[in-house]
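There are 2 protein chains.
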Amino acid sequence: MTHASKDIIEKIHRYWRAANYLSVGQIYLLDNPLLKKPLKIEHIKPRLLGHWGTTPGLNFIYVHLNRVIKEQDLDVIYICGPGHGGPAMVASTYLEGTYSELYPDITQDESGMKKLFKQFSFPGGIPSHAAPETPGSIHEGGELGYALSHAFGAAFDNPDLIVACVVGDGEAETGPLATAWHSNKFLNPIHDGAVLPILHLNGYKIANPTVLARISAEELSQLLRGYGYKPYFVEGSEPMAMHRSMAETLDTVIGEIKAIQQEARRKGKATRPQWPMIVLRTPKGWTGPAEVDGKQVEGTWRSHQVPLSQPADKPAHVKMLEKWMKSYGPNELFDAEGRLVPQLSEMAPQGDRRMGANRHANGGLLLRQLRMPDFRDYAVEVPGPGEVQAEATRVLGQFLRDIMKLNMDRRNFRVFGPDETASNRLDALFEVTNRTWLAQTEPGDDHLSPDGRVMEILSEHTCQGWLEGYLLTGRHGFFSCYEAFVHIVDSMFNQHAKWLQVAQDEIPWRRPIASLNYLLTSHVWRQDHNGFSHQDPGFVDLVMNKKADVVRVYLPPDANTLLSVADHCLRSRDYVNVIVAGKQPEAQWLDMDAAVRHCTSGIGIWEWASNDRGSEPDVVMACAGDIPTKEVLAAVSMLRQHAPDLKMRVINVVDLMTLQAKEEHPHGLSDYEFDTLFTTDKPIIFAYHGYPYLIHRLTYRRTNHRNLHVRGYKEEGTTTTPFDMLVLNDMDRFHLVQDVIDRVPKLGTMAAYVRQEVRDKLIAHHHYIREHGEDMPEVRDWKWSTG
Amino acid sequence: MTHASKDIIEKIHRYWRAANYLSVGQIYLLDNPLLKKPLKIEHIKPRLLGHWGTTPGLNFIYVHLNRVIKEQDLDVIYICGPGHGGPAMVASTYLEGTYSELYPDITQDESGMKKLFKQFSFPGGIPSHAAPETPGSIHEGGELGYALSHAFGAAFDNPDLIVACVVGDGEAETGPLATAWHSNKFLNPIHDGAVLPILHLNGYKIANPTVLARISAEELSQLLRGYGYKPYFVEGSEPMAMHRSMAETLDTVIGEIKAIQQEARRKGKATRPQWPMIVLRTPKGWTGPAEVDGKQVEGTWRSHQVPLSQPADKPAHVKMLEKWMKSYGPNELFDAEGRLVPQLSEMAPQGDRRMGANRHANGGLLLRQLRMPDFRDYAVEVPGPGEVQAEATRVLGQFLRDIMKLNMDRRNFRVFGPDETASNRLDALFEVTNRTWLAQTEPGDDHLSPDGRVMEILSEHTCQGWLEGYLLTGRHGFFSCYEAFVHIVDSMFNQHAKWLQVAQDEIPWRRPIASLNYLLTSHVWRQDHNGFSHQDPGFVDLVMNKKADVVRVYLPPDANTLLSVADHCLRSRDYVNVIVAGKQPEAQWLDMDAAVRHCTSGIGIWEWASNDRGSEPDVVMACAGDIPTKEVLAAVSMLRQHAPDLKMRVINVVDLMTLQAKEEHPHGLSDYEFDTLFTTDKPIIFAYHGYPYLIHRLTYRRTNHRNLHVRGYKEEGTTTTPFDMLVLNDMDRFHLVQDVIDRVPKLGTMAAYVRQEVRDKLIAHHHYIREHGEDMPEVRDWKWSTG
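Going line by line, the protein sequences match chains V and G. Position one of the first sequence corresponds to residue 1 (the numbering used here), numbered consecutively onward. Position one of the second sequence corresponds to residue 1 (the numbering used here), numbered consecutively onward.
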């Protein structure tokens, strides 16, 4: 039993035909959009690109959602998981008018329709997936796997929102999607909105059937129930029966969603319900050509892309295309000017209830400034360089705690991480909030609550997907991750950076959103018992391949610089910010004023550690990263003791982008500035947190690059002590001293003496750790001193 | 009802106690391994690293598998999914004797036990995960997510093997693991072995409960049945009852596995059965301290790492540790010399039935040379450079087809890819084999068969995991992937490369295995309708961060070079080989003899395209990659027409490693060779397939680096024509001509004329594609000519 009358069902069917017509038109037509003239080869695009297979199903879902939105005044966004679903999303948002509002050139008439058709998958036009260009989308359909985690991210803290999320059965085979179903254990029926997953089984990928379409109905139902959902099946191919079934099912599931929410909200008790979902099984390429050149097309993988692919060679294909398009009855759908007939256009919701105009899908419109305390209030007191120790991330945790507290009532800030918030020493957060948890609890559980704002699941993919969905709908977030394992989301970072790039450059109606902030900690230099498999500082290399407009990388050397950097990142917009900082107790170098000054310039001479007093130094000692900074300072203090006449300049880099040329990155130093810092001809010993090549890549154009000698991680690692890790990679103080000796001829005769001493120390250390399992007290307890 | 008598159960329990004792000893003790003396702080390691939580469960499974292996003479390997399971795998392989056979220093007596304890998570020792160092392991427990896909990879084509795969409930939350359950749709009960998943629910991660431990028993059972398994539950904490239940259950599931296999093999009909699996629910830190410092430890996340963490500060912790270790009754387990008592040592299987000695887990022992036809037989006939066109990957497909055919009876070669074997034009394979498929089939399905050897699932993670498992157990494989989306498995590549590195460098008993071969195709330059989201050539950058000993990158410019490179890669051992090659019809440059010569040197002057005739050129035109090669040749032919006096040298790079310094990579050119090719002072215009920085990073130390000008992908991309993609990234022939003009002063007055012509062409092209949607015939149909 459904609210949808026969009349409505018929209108739905016509509206769907209009969307399908516009979809086919986009794939094929250059001209003659309303088929007023007999279709000729010159009306057809010379290169046929685009994908029909998934499109009619997506249009089907769109029009049915329109009905319930309008009837019940719902707030719904549509996440289009299936790849190449572009034609559908464009057709449906064009029909409802949003497309023309955002792209005034694409008018709702014949000339606009012609442009709409031409631009699709055409040079200077639009891509064939849902994309930043697509109204109402927060999801790129190019790389598959993230639809559901994006959907949940959007639903968190949006209690009135329903996120309809279409999951293709191809995408359903990916790992990230397969685990994202479990996001329902993190969704609070009181304060969050709802996600309505619609698993679209059209049976095929590019050339293969899909797994979920080829297991028994019983297994599929068990799987989805096992994931915690109550599946409703809408299956078939006869359109009118399918419309009735879909309308009825949508009424049911929306009813259940409302009932779940109302009950939880009335009782004020959030438990995990069995959320409803829909399994929609339709033929692939539904309503397209049944058979082409003697082979079945509709309902097979052959309709994945372009069912009629050779109109230029086969005149029959032109005829078939015309027949196919006319089967939708364009004359009954559009008037002579190409406008959707009023009877149909009134079917769409109004204003920003239209899914293409929903403000949640253009999150920048809703973004509110995060309330932030003054980060200076969290400063570690540093009476002198190296005089106190602190755990940088623990200090950051206090700042994050109070940000959390200040924004608690707005519910627009969450912290994400795969089970590592406490391990990464951000546990001050648990003074004001908990871990989100709607699965079962047991006595003794630690800080779990249905209303927690720290999101932990052992899936970097899910954390990243949730966070992206949360940011794209206009909120703020922070992701802390083991440095080595952030590579798990390399490709998700790539896609998000590309989204930001396109949105910034090409889509003026997309408003800036909060940056995606990574804290990479538990880093390469402190994997004492995890060893080689946990050592990979290469994420930064990947990040630096993206455009300067969208990426920032910071390596704060201590707690106060970390605070300053984090403050900056949380205020920024439309970037991916990567912060690398260790969690272990380490010496602190800068008091807060110095830290702010240092972070503001991003790079600078540490005069207190240098002894060149404004003259040209004999050697430049540069460092980026907490551990390299400490080693450089230790090397400097050794050298000052052994070679008091050696003039050294210590440069610390917080903002890696400063090293790049000014033309390549807005943060880049000018050549003049760079030369002033690094000299034009003195040796530079540079200790860098990650792979040393990166520093060369950033600086190869600089005047003094030929004298630049970089130490960093070179894939030498194992289960060992912190200092031994440095030794293995030649980045410890002793090696750095040796590097200086090798490059500064004036050290003369004392060089041999120091060299021997360095060698003795390394041997002594080697033996010591194998005996004691920990570093020699001399290096473990080392303190900065120029004495 | 079980075969395991009361007596056996009691022995199992004692054996388990011995394994647990050895596990705790590894985490804690430096000395006093048999606790002959009262335990003192000096017997305890100063730094306590390692993880107890998962260990007793892993030992429990090990000893129970030992019983069935021995009783039924089974061929079983053990995949230890849970992170930090190292102590268990080491303890259990030590008890069975394999550890001492592979590491003769670690004897089976008191002094060996002391060394065994000390080395764990100790400098110069072994890591705390299952790792290459661990006997019987093909799986690194560091990064979670790949246990099940490794297990299935090992089981393929090993009909007598049972792969017992322990999945931790932490790991079960990862995406790759969540989808790998579906691998059962690709396992053939006739020709493949069996995978026995053992989901170990101990309830907690580092600080959190796990999702699967906190859903209802009904949901969990539905989930696993939905994945296609028949779950058996072994749940509890009372050891003797648990032993009985586990023994009984193991007898049942082994019986079912055998029955499934026997029936399928008798009937000769492979269908997908409901494979059995075990859910083992035990307390985390089982048998460890129940309570420490007033807080519950056993059965909570507090036992994840080191339950007693402060022996140095709290003398009570030392006492508790002693009590804990003595609770296993070491006196009853080991004799006075520290040898396992004979009654227990006879419990382990013999010879290579011991899981630590199983030859499948040291695949190099079983590796047989792939039978390969002469790749020259597949040559494209190239009468002259650019005179014919071919699709490089299609040609490769024919070579792969015949490799497949020649090795069909040995069943030791498979091709993997996420649904793209045909799309990547390797479809000749389907002439001799099919896609593996044991889910339902329907009429019209294309080349699906339970016995197919092409593995396609829309999960790069699963493809990679299967392939790794297949290679590590001594077979051969080939993975073709969309270039942009291979980033999905960045971190899996990292981990596999690290495994190879350690195995090569440090573990003489690990025999070389076949290389992991990637073909990256559908690459950045041909994403005509996919656009920006499908453009990322950065995987190579990641690969180059790994050590020279284990990685190779090839960019064959045409079909014959691709054949030669692929032949080389398929014969190689212990590498990760990355081949980048397009699938579209492109001009062919080298006949087979020239291709072999060129690939053998990896880099070389193309004399037929050069006109410097042995003298110093005015400019060096270098290229790497199929598309850059074509553009460089087009630029060269334009320049030869416009500036016949300009002396150009064309260098093509197939093997990217040749650019590195000889000291950094064995393929690297010496500086003398490099200077001879690239000159020491002439401009070099280098068109590279990927991000241009990489070429700078590889060559910054070369003499002529200051004159090196690299073009490549710089994140400028959209939905457009192939040639426009080049224009957007300044790598098209016109820009390259301009680059030459800008750098060669001798071109003098004609420069202005050429510059104008180039500008006109670019404008004309811009207008043409927006009108026609495809490239101007002039560039589309361009042919090499020096006229």
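Hints listed in this document are in silico derivations from the structure and should not be mistaken for laboratory results. It is possible that part of the hints are untrue.
Since the list gives no way to pick out one identical chain from another, each pair is judged satisfied if it fits inside one copy or across any two copies.
[Said to hold, decoys possible] As a list, the in silico EDC-like pairs of lysine to aspartate or glutamate whose alpha-carbon atoms are at most 16 angstroms apart:
id	residue 1	residue 2
1	Lys36	Glu663
2	Lys714	Glu663
3	Lys547	Glu715
4	Lys115	Asp31
Consistency of the hints with the structure:
Proximity of Lys36 and Glu663 under a CA criterion of 16 angstroms is satisfied in neither setting, with 53 angstroms inside one chain copy and 71 angstroms between copies. For a Cα distance limit of 16 angstroms, the shortest separation of Lys714 from Glu663 across copies, 14 angstroms, qualifies, whereas the shortest one inside one copy, 29 angstroms, does not. Only between protomers do Lys547 and Glu715 lie at most 16 angstroms apart by alpha-carbon distance; the minimum there is 7 angstroms, versus 27 angstroms within a single protomer. When the C-alpha separation of Lys115 and Asp31 is checked against a cutoff of 16 angstroms, the pair qualifies only within one copy, where the shortest distance is 9 angstroms, while the shortest distance between copies is 80 angstroms.
Consistency note: the structure conflicts with earlier hint 1 alone.
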